[in-house]
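A.B. asks: Sequence:
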Amino acid sequence: MKEEKYFTAGEFAKLHNLNKRTLQYYDDIALFKPQYKDEKGYRYYARSQSAMLEMILGFRELGMPIEHIKEKLHKGTVDNFISLFTEYQANIDAYIERLNTMKRSLKARQKLLERSKNNLNNIEIVYEETISLFTCPYDSHLNYDDNFHLLAKTYHEKTGDRVFRWPMGAMLRLEDAIAENYYHYAHLFIENDDDKNYTLVRQASPFLVGYSVGYEENLQDTYRRLFSYAKDHHLKLGPFCYEIGLNDEVYISEMVDSINQIMIPIL
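All you need for the numbering used here is the position in the sequence shown, starting with 1, plus 1082.
Don't read these hints as lab results, they were simulated from the structure.
The C-beta atom is built at its ideal place from N, Cα and C for all residues, glycine as well.
Careful: at least some of the hints might be erroneous.
Pairwise CB distance ranges (calculated) [claimed, not checked]:
(1) ARG1142 to GLU1262: 53 to 61 Å
(2) ILE1348 to ARG1180: 32 to 40 Å
(3) LEU1232 to LYS1152: 39 to 47 Å
(4) ARG1306 to GLY1242: 37 to 45 Å
(5) HIS1266 to ARG1103: 57 to 65 Å
(6) HIS1231 to ALA1261: 23 to 31 Å
(7) GLU1179 to GLU1262: 40 to 48 Å
(8) ILE1260 to SER1222: 33 to 41 Å
(9) PRO1147 to LEU1224: 35 to 43 Å
(10) LYS1122 to GLY1242: 46 to 54 Å
(11) ASP1258 to SER1340: 47 to 55 Å
(12) LEU1139 to GLU1206: 49 to 57 Å
(13) ALA1176 to LEU1349: 28 to 36 Å
(14) MET1184 to LEU1139: 16 to 24 Å
Taking the hints into account, I'd like the entire structure generated from these sequences.
C.D. replies: Here's what the structure looks like:
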């Protein structure tokens, strides 16, 4: 049988694309020890240890606590390793789902910004697919910021998800918008694209879309332009207007202080 080659700590660390100090730390805490140490205390590792190290590194990438890894590895039975691999795969599946959720949230924000980039002064009709919303009733005894704080708190308690990765906004009843009661909101919402944690489904529909740019008084002007367009084109609207703040700081710093997208379904 061919004699196994041994690597210094530096060589083994380079082989696995990590810092040599990580190997020293893992040795110090008895998580992953070298094959042997010479009389001067230098660490040497065998190629046959690579698979175990990669598994440990994978667990750490998934956020598994070191003590939990040590407990599993040091038992060393076949059944324990099978259990560990099953847990590893479940963690990977959960990690993939988190990445997919992040990708969907980025796409949602990208769509909002791309649409608004060249259409800030226009009224347009846009078709929107069905989407799930997480909503909270608007409490008129609280100010706008406190209502959003309540929405964020409720959403996080329900889903465990980070709130501000998704587009957020307010729902205004059509009759209040027509009466120019622009701040009599009915609900606040998060477009969470989640088939489990939602309270309202906004059905696919063409929407009348406009943008309120800058100061609050421009909100009134945008609503008036939307209703004028609907009247001129004989459009029936309702029952809610959806306002979404486009709060991307880089984008807004290039344009104005604030941008709100207003969407009203066309019946």
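A.B. asks: Tell me the numbers of any earlier hints that the structure contravenes, in ascending order.
C.D. replies: Numbers 8, 11, 13 - these are the hints that the structure violates, sorted from lowest upward.
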